[in-house]
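J.: Chain by chain, the residues run as shown.
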Amino acid sequence: MNQIEYYGAGFPYKPNTDMPGKLIVLEGTDGVGRSTQTQLIRTWLENQGHAVSDTGLRRSTLASPGLDAAKQGHTLSSLTMSLFYATDFADRLENQIIPALRAGFIVLSDRYFYSTMARDIVRGADPNWARKVYGFALKPNLVLYLKADVQTLVSRIVNGRGFNYWEAGMDIRCAENLFDSFCVYQTRLIEQFDLMSDEFGFVTVDANRPVSAIFSDLKKHISDLQKT
Amino acid sequence: MISKEKYPGKLIVVEGIDGSGKSTQVDLLYKWLLAEGKSVYFTEWNSSLLVKSTTKFGKKEKIFTPTTFSLLQATDFADRWENNIRPVLKAGGIVLADRYAFTAYARDVARGVDPNWVRNLYSFAIKPDLALYFQVPLDVAVERITSARASLKYYEAGMDLGLSENKVTSFRLFQQRIINEYERMIDEFGLVVIDGTLPVETQQNQIRLIAKKLLHRWKGLPPPIPPQRSHHRKIKIESDFSERESA
Numbered sequence: 062m063n064q065i066e067y068y069g070a071g072f073p074y075k076p077n078t079d080m081p082g083k084l085i086v087l088e089g090t091d092g093v094g095r096s097t098q099t100q101l102i103r104t105w106l107e108n109q110g111h112a113v114s115d116t117g118l119r120r121s122t123l124a125s126p127g128l129d130a131a132k133q134g135h136t137l138s139s140l141t142m143s144l145f146y147a148t149d150f151a152d153r154l155e156n157q158i159i160p161a162l163r164a165g166f167i168v169l170s171d172r173y174f175y176s177t178m179a180r181d182i183v184r185g186a187d188p189n190w191a192r193k194v195y196g197f198a199l200k201p202n203l204v205l206y207l208k209a210d211v212q213t214l215v216s217r218i219v220n221g222r223g224f225n226y227w228e229a230g231m232d233i234r235c236a237e238n239l240f241d242s243f244c245v246y247q248t249r250l251i252e253q254f255d256l257m258s259d260e261f262g263f264v265t266v267d268a269n270r271p272v273s274a275i276f277s278d279l280k281k282h283i284s285d286l287q288k289t
Numbered sequence: 184m185i186s187k188e189k190y191p192g193k194l195i196v197v198e199g200i201d202g203s204g205k206s207t208q209v210d211l212l213y214k215w216l217l218a219e220g221k222s223v224y225f226t227e228w229n230s231s232l233l234v235k236s237t238t239k240f241g242k243k244e245k246i247f248t249p250t251t252f253s254l255l256q257a258t259d260f261a262d263r264w265e266n267n268i269r270p271v272l273k274a275g276g277i278v279l280a281d282r283y284a285f286t287a288y289a290r291d292v293a294r295g296v297d298p299n300w301v302r303n304l305y306s307f308a309i310k311p312d313l314a315l316y317f318q319v320p321l322d323v324a325v326e327r328i329t330s331a332r333a334s335l336k337y338y339e340a341g342m343d344l345g346l347s348e349n350k351v352t353s354f355r356l357f358q359q360r361i362i363n364e365y366e367r368m369i370d371e372f373g374l375v376v377i378d379g380t381l382p383v384e385t386q387q388n389q390i391r392l393i394a395k396k397l398l399h400r401w402k403g404l405p406p407p408i409p410p411q412r413s414h415h416r417k418i419k420i421e422s423d424f425s426e427r428e429s430a
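Residue numbers (our numbering), protein chains in the order written: chain G, 62 to 289; chain S, 184 to 430.
FYI, nobody ran anything at the bench for these hints, they're computed from the structure. Any given hint could be a false lead.
Stated by the list, open to error - Think about it this way: if two alpha-carbon atoms lie no more than 27 Å apart in a straight line, the pair counts; the simulated BS3-like pairs of lysine-lysine are: (1) S:K189 to G:K193; (2) G:K132 to S:K402; (3) S:K242 to G:K132; (4) S:K187 to G:K193; (5) G:K75 to S:K239; (6) S:K402 to S:K310; (7) G:K132 to S:K189; (8) S:K245 to G:K75; (9) G:K75 to S:K189.
The task is simple: from the sequences and hints, build the whole structure.
T.: Laid out in structure tokens, this is it:
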């Protein structure tokens, strides 16, 4: 990464050193197949001889245990959750992602702050406020947005890990039952992603297709990036 | 800070560096307001149970950066704001806060985060009805802190900034930066300055006068109806109750 750019002020107390690595983000709603694709891409890049580091939401050393515990209770407000996720994200960015980029790694991030922001806004956060909160975020080299219809998501969820309270937005009760709430909630998330697409320069990939077809598109976009 | 929402309650906050005496004063104010028959809720900086284990872990492992420290304290504040502060303000009670968003504006900026960024973080919260700033010279605060405590803690002393290997020196340098930020905020947010070097009683009398003015003619949430045998309540308050009962 030759030019280091942040969405806002970044980390003013940090010296701006060179980051030879590349930051590639996979975005998309729940059940869109991000983890599967992340694994495939990782293996593919490693076979080419690249050092790869992967990271995902709620995987920070600092905040993930506390955040997991908070999600088990019923006092976690949307606002508190926004900021807790932002803490988790900042910890990973400063302590995992940036050091890896400095060391020349390709960092594959399974989601970035766009997901968190979409969820916050669906839960009533002021979009402008949410964007400014992430003013410390580094601009990725490539954001691949896996876009699928709710129908596709439902099928993946039913045949995969099953429905879950948070992925169905049951904390804000989009409907009285888990299934309907999931559909409403995911539709709203997709709307937010679509709104962000131009603003943040997402490369949209149709994820209503077989894993291999999606993977070959992703490879193409990553190869294009490597040529630059 | 400065959400446009209006609440029937009153928010009073105290600010100042460690050792400025603000906690002593807010405690006395709290007791006085209770004795006056007010509905009062007291809240302290960094006291959310939801966030506690994470803060403790981060401090113990020394893994905070200025940004994560700032975000986690905002998380802590958000939890208290949603679950404690805001409901009481909506109900018409008085909230006393030992430190408020200004603490973040002062400390986090002293640690090097962007001033506008941290101001945005807290923009969901309201501007207090009264913000008291306890102004003391650095030497006074340092003397109070170092004589009262066995040793300064790592983050308290700002050791994460690498200003000095020596804890007391680091503490002094860090606190001076915080003072500089507070001084800038006096005008920005209309902080009411209290001279923290005055005797405790003198400061408390000043504060009660200011609070009296603020609460003059204000009708907040009455306290619970006292048991029948209690005679110590003031007549004025009892008449408030009878109005409420007949309403």
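J.: Each hint: holds or not?
T.: Taking the hints in turn, this is what the structure says about them:
1. For the suggested pair S:K189 and G:K193, the alpha carbons sit about 24 Å apart, so the restraint of at most 27 Å is met.
2. Pair hint G:K132 plus S:K402 does not hold up; C-alpha atoms about 38 Å apart against a cutoff of 27 Å.
3. The suggested pairing of S:K242 with G:K132 holds, with an alpha-carbon distance near 22 Å, which does not exceed 27 Å.
4. Note on S:K187 and G:K193: the hinted pairing holds, with a Cα-Cα distance of about 18 Å set against a maximum of 27 Å.
5. A C-alpha spacing of about 24 Å is found between G:K75 and S:K239, which places the hinted pair at or below 27 Å, so the restraint holds.
6. Restraint check for S:K402 and S:K310: the C-alpha separation of about 20 Å stays at or below 27 Å, so the hint holds.
7. For a cut-off of 27 Å, the pair hint linking G:K132 to S:K189 is broken: about 30 Å separates their Cα positions.
8. At roughly 17 Å between alpha-carbon atoms, S:K245 and G:K75 fall within 27 Å of each other, so this suggested pair holds.
9. For the hint pairing G:K75 with S:K189, the CA-to-CA distance comes to about 39 Å; that exceeds 27 Å, so the pair is violated.
Going down the numbered hints, you'll see the structure goes against 2, 7 and 9, while the others check out.
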